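I would like the entire structure built from these sequences, with the hints used as guidance.
Number of protein chains: 2
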Amino acid sequence: MSDSYPQSRSTVPHRKRERMSRDKDLVRRVFDESWTVDVAFTGGNGEPRVLPMFHVRVGDRLYLHWSSGSRLGLTSEDGIRVSVSATLLDGLVLAKSWTNHSMNYRCAIAHGTARPVLDDDEAWDAMKALVDRVEPGRSDRTRGPSAKEWAEVRIFRLDLEEVAVKRRVGGVGDESADADVEVETGIMPVETVVSPLE
Amino acid sequence: MSDSYPQSRSTVPHRKRERMSRDKDLVRRVFDESWTVDVAFTGGNGEPRVLPMFHVRVGDRLYLHWSSGSRLGLTSEDGIRVSVSATLLDGLVLAKSWTNHSMNYRCAIAHGTARPVLDDDEAWDAMKALVDRVEPGRSDRTRGPSAKEWAEVRIFRLDLEEVAVKRRVGGVGDESADADVEVETGIMPVETVVSPLE
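Residue numbers (full-length UniProt numbering), protein chains in the order written: chain A, 1 to 198; chain B, 1 to 198.
Hints in this document: simulated from the structure, not taken from any laboratory. There may be inaccurate statements among the hints.
[As the list claims (entries may be wrong)] Here are the simulated SDA-like cross-link-like pairs (lysine to any residue), alpha carbons at most 20 Å apart as the crow flies: (1) A:Lys148 <-> B:Ser102; (2) A:Lys128 <-> B:Lys166; (3) A:Lys24 <-> A:Val169; (4) B:Lys128 <-> A:Ser102; (5) B:Lys128 <-> A:Gly173; (6) B:Lys148 <-> A:Val181; (7) A:Lys128 <-> B:Asn100; (8) B:Lys128 <-> A:Lys148; (9) A:Lys24 <-> A:Asp3; (10) A:Lys148 <-> B:Val181; (11) B:Lys166 <-> A:Thr36.
Every value quoted in this text rests on a predicted model; they were computed, and no experiment measured them.
Here it is, written out as structure tokens:
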């Protein structure tokens, strides 16, 4: 068994090759750490559209939650072509020259067809996993959906196949010629902090 | 002068109307607080694509930075149709029932044509503003781009016209019928924390 997702036309790096990875653990961790994803699709008018969504990863399946009232919910059971990104900002990179300023980040991008989950058991398990993302075991301590509530829930699934992570890690990449530029440089770490219940 | 961006077909709310706003201060603040945006566009193969980018807002102009080597950089001077989102997660909403779980967030989405900035002074000012986003006044303390470095820089501009914020604020929306479900509820505040230089 491979530890990497397969290479595809969409996940061939075209520049800064060393920043791209299809390592499964790395890809999965980015989706798991990120609280939301951005879902890009083509709207009915042919225009690009993007929407943030709440998601959960189960194995190599990414489940996306949205209300049946929303625009995407109107699309057919055939699914919709999407590009889904999860971006984690890890640090601001402060350098001696303008163009050496950068960011440390991890960004997972998956391409494919997001399809509505029509199997009721699968949709239920996905919804349960979405609730448990917020607090492990919470789905057992809270009330499950009534028939009416359940009818409003739409879960879409995107299988992680065409997927890769792009990232930057490490320190400042200053030029040696800039040694005498007198300015503080380094990394300002960035973190998403979730505080206890208020 | 209006304090709101104009209504357009893309920014008419189709559901949860109260969650959408075109208030200029609110829209601007979301782009200013967010460190990155997600840019959706249609790829050369007709497929939806999304990329995170570093941005800065100057007045009603959103400047997007990317390298000339990247895929989007290959597009023509006519610009490219985009949908750009900035999403701030403010809190996790823990409720008594599965479907009342939610998130407090502010998401700005702008639609339009992103065009390469061909005016050299405008591009320079935008690049300077990008550096100063990281630390006010930093562009004056660091070395500006050499001719070679400058030739690699691509700044795109999207004018904020067709733009709105969607948001959720406030507390838990539990049903009165769930009063006897014994579980802790409330908001877990979420924040992006930038630490001092390391």
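Hint by hint, here is what the structure shows:
1. A distance of roughly 18 Å separates the Cα atoms of Lys148 of chain A and Ser102 of chain B; the hinted pair therefore holds under the 20 Å criterion.
2. Between Lys128 of chain A and Lys166 of chain B, the direct Cα distance comes to roughly 26 Å. Violation of the 20 Å bound is thereby established for this hinted pair.
3. Between Lys24 of chain A and Val169 of chain A the CA atoms are separated by roughly 18 Å; this keeps the pair inside 20 Å, and the hint holds.
4. At most 20 Å may separate the alpha-carbon atoms for a hinted pair to count; Lys128 of chain B and Ser102 of chain A meet this at roughly 14 Å.
5. With a CA separation close to 19 Å, the supplied pair Lys128 of chain B and Gly173 of chain A stays within the 20 Å bound.
6. With a CA separation close to 19 Å, the supplied pair Lys148 of chain B and Val181 of chain A stays within the 20 Å bound.
7. About 13 Å separates the Cα atoms of Lys128 of chain A and Asn100 of chain B, which keeps this hinted pair within 20 Å; it holds.
8. With a CA separation close to 54 Å, the supplied pair Lys128 of chain B and Lys148 of chain A exceeds the 20 Å bound.
9. For the hint linking Lys24 of chain A to Asp3 of chain A, the alpha-carbon distance of about 6 Å falls within 20 Å, and the restraint holds.
10. For the hint linking Lys148 of chain A to Val181 of chain B, the alpha-carbon distance of about 19 Å falls within 20 Å, and the restraint holds.
11. For the hint pairing Lys166 of chain B with Thr36 of chain A, the CA-to-CA distance comes to about 15 Å; that is within 20 Å, so the pair holds.
In summary, the structure is inconsistent with hints 2, 8 from the numbered list given earlier, while agreeing with the others.
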